[in-house]
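Listed below, chain by chain, are the residues.
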Amino acid sequence: KNQVEQSPQSLIILEGKNCTLQCNYTVSPFSNLRWYKQDTGRGPVSLTIMTFSENTKSNGRYTATLDADTKQSSLHITASQLSDSASYICVVSARRGGATNKLIFGTGTLLAVQP
Amino acid sequence: NAGVTQTPKFRVLKTGQSMTLLCAQDMNHEYMYWYRQDPGMGLRLIHYSVGEGTTAKGEVPDGYNVSRLKKQNFLLGLESAAPSQTSVYFCASSYRDQPQHFGDGTRLSIL
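If you read the protein sequences in the order shown, they are chains A and B. Counted from 1, the first sequence has number 92 at position 92 by the numbering used here; the numbering is strictly sequential. Counted from 1, the second sequence has number 131 at position 16 by the numbering used here; the numbering is strictly sequential.
Calculated from the structure, these hints are not laboratory results. Careful, some of the hints might be misleading.
[Said to hold, decoys possible] Which bits of chain A does chain B cover? Going by a derived footprint, with three or more residues having C-beta under 8 Å, they are: (1) 39-49; (2) 82-89.
[To be verified] Not close to chain B: a few residues of chain A, all C-beta gaps over 12 Å, as computed: (3) Gln-6; (4) Leu-11; (5) Asn-32; (6) Asn-55; (7) Asp-67; (8) Asp-69; (9) Ser-74; (10) Ser-93; (11) Lys-102.
Every residue, glycine too, gets a C-beta built ideally from N, C-alpha and C.
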């Protein structure tokens, strides 16, 4: 069964500190892995996308890593800011025959950055 | 630059009523999607479309219908609303299988 599990469920950190969010998946056949940021009351916004051959991708203070062998990904946030408070969603795309891949969404990690 | 626009933003319905949620995108994307988001669960795909005039069922299609008469619009209909359909509904669009652009959601409560 295709699954995406994220940990921790929630996290509180102080402004300026770093943090790492985890994503484990059992999705086959793998196409790519995406991280999204969802602010409260808003739709998800794409942060990074990584294919099988990419093991790291950065977007400003966000750095995603991918280990396709162990089927794990992490999202590292550097020098956190209050605006980083949001839910971070890991999404894995599975290849299938047809016009579009199947996307499997994790339930997200809720991050709160406190001053 | 509007991106993906959803209307309405909020709605309260009574059981058995019908309504249509509208999604409009201005990025000329071929692919459009409807999701629902419930507490403690990941986004679940209701229906999707890979082009004007085509639609397909997603993971949880029962109780919903869709139409894609114009490339920029994707409509989600509830024919007879049920309390189990209380949720936040998100529309998204993409260029093929590239990362999706999401709207800000429609919060729907069914009493």
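Evaluation of the provided hints:
no. : hint    : result
1   : 39-49   : holds (count 7)
2   : 82-89   : violated (count 1)
3   : Gln-6   : violated, 9 Å
4   : Leu-11  : holds, 17 Å
5   : Asn-32  : violated, 8 Å
6   : Asn-55  : holds, 19 Å
7   : Asp-67  : holds, 21 Å
8   : Asp-69  : holds, 23 Å
9   : Ser-74  : holds, 18 Å
10  : Ser-93  : violated, 7 Å
11  : Lys-102 : violated, 8 Å
In this structure, the hints that do not hold are numbers 2, 3, 5, 10 and 11, in rising order.
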